[in-house]
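Enquirer: Sequence:
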Amino acid sequence: MTKWQERAELLFKTEGLNNLKNANVLVVGLGGVGSFAAEFLARAGVGSMTIVDGDVVDITNINRQLPALHSTVGMSKVHVVGNRLMDINPELNLTRLEEFLEPERAFELVTPDFDYVLDCIDSITPKLNLLIAAKRKKVKVISNMGAGGKYEASKVKVRDISNTEYCPLAKTIRKRLKKEGISKGIKAVYSVEMPDETSLKMTDGKNFKKSFYGTNSWMPCLFGLYAAETVVKYLLKK
1 MTKWQERAEL
11 LFKTEGLNNL
21 KNANVLVVGL
31 GGVGSFAAEF
41 LARAGVGSMT
51 IVDGDVVDIT
61 NINRQLPALH
71 STVGMSKVHV
81 VGNRLMDINP
91 ELNLTRLEEF
101 LEPERAFELV
111 TPDFDYVLDC
121 IDSITPKLNL
131 LIAAKRKKVK
141 VISNMGAGGK
151 YEASKVKVRD
161 ISNTEYCPLA
171 KTIRKRLKKE
181 GISKGIKAVY
191 SVEMPDETSL
201 KMTDGKNFKK
211 SFYGTNSWMP
221 CLFGLYAAET
231 VVKYLLKK
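First residue of the sequence shown: 1, per my numbering; consecutive thereafter.
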């Protein structure tokens, strides 16, 4: 154990820390959800991580995303988050992939080498392909649903995708997965709070994203926290 993990060892025990150190996790999407999830995993002591995002920090990200500062606007999210993770744990085996997840790429990227996949993508088509790839290759995956347009922290839950409710994104994902013969077996972070429809804004459809809701500072990172918690608790017992 290194000195910075002293408090973690008291809680996780030596065996748990070793399990985390030997774990390999894939985080796709480094926005408001994924950036926090990746940091929580690194601080917990996960030994190997692959982070994927093709975007750069935009000034509109500052209200909710970990890498977003006025000083980092225009910089690669993979670069900013990756440097931060290595500063947290210099021994982290980190792979950085600066790319948007094209449909066919998901099936190349997901392999049984990963103990867990975190889907932190906010566009439907790439999200679906990542989930399908993980299920087809029998890799555990947790998917984050819609954090936008919501306020209530107490209404966030983690359930199997088949048991999600109220969330419009989860409903769409469920229907699309069912067409692929997948009805359960994917953990989902979601909220039972209905999104504020007055905060919806349409986009030009770039990178498979047709619209987005207004978002506050705490809901995306809370989704990332729940996702990271689920993964860490699984790895501790593995």
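These are computed hints drawn from the structure, not numbers from a lab.
Honestly, I wouldn't trust all of these hints.
In the DSBU-like style, the derived pairs of lysine-lysine whose C-alpha atoms are separated by at most 35 Å in a straight line are [claimed, not checked]:
1. K206 <-> K140
2. K171 <-> K209
3. K135 <-> K238
4. K210 <-> K237
5. K184 <-> K237
6. K157 <-> K210
7. K238 <-> K206
8. K238 <-> K201
9. K140 <-> K179
10. K201 <-> K175
11. K210 <-> K138
12. K155 <-> K210
13. K184 <-> K155
14. K21 <-> K187
15. K155 <-> K179
16. K184 <-> K21
17. K171 <-> K140
18. K171 <-> K233
19. K209 <-> K140
20. K206 <-> K237
21. K238 <-> K210
22. K13 <-> K178
23. K178 <-> K201
Enquirer: Is the straight-line distance between the alpha-carbon of K184 and that of K155 35 Å or less?
Expert: At roughly 22 Å apart (the allowed maximum being 35 Å), K155 and K184 satisfy the hint.
Enquirer: Would the pair K201 and K175 pass a check requiring their Cα atoms to be no farther apart than 35 Å?
Expert: Holds, because 23 Å separates the two Cα atoms, which is no more than 35 Å.
Enquirer: Are the Cα positions of K135 and K238 separated by 35 Å at most?
Expert: Given that 35 Å is the threshold and the Cα spacing comes to 19 Å, the pair holds.
Enquirer: For a C-alpha distance cap of 35 Å, please report whether K171 and K233 respect it.
Expert: holds (27 Å)
Enquirer: Is K155 within 35 Å of K179, Cα to Cα?
Expert: holds (29 Å)
Enquirer: For the pair supplied as a hint, K238 and K210, is the alpha-carbon distance within the 35 Å limit?
Expert: violated (39 Å)
Enquirer: Going straight from one Cα to the other, do K21 and K187 come out at no more than 35 Å?
Expert: Answer holds: K21 to K187 is near 23 Å, not above 35 Å.
Enquirer: For the pair we were handed, K184 and K237, check the Cα-Cα distance against 35 Å.
Expert: holds (22 Å)
Enquirer: Within 35 Å, alpha carbon to alpha carbon, are K238 and K206?
Expert: Distance of about 39 Å is beyond 35 Å: violated.
Enquirer: Is K157 close enough to K210, meaning Cα to Cα at most 35 Å?
Expert: Holds, because 26 Å separates the two Cα atoms, which is no more than 35 Å.
Enquirer: For a C-alpha distance cap of 35 Å, please report whether K206 and K237 respect it.
Expert: violated (41 Å)
Enquirer: Verify the proposed pairing of K210 with K237, using a straight-line Cα cut of 35 Å.
Expert: violated (40 Å)
Hint violations for this structure: numbers 4, 7, 8, 20, 21, 22, all remaining hints satisfied.
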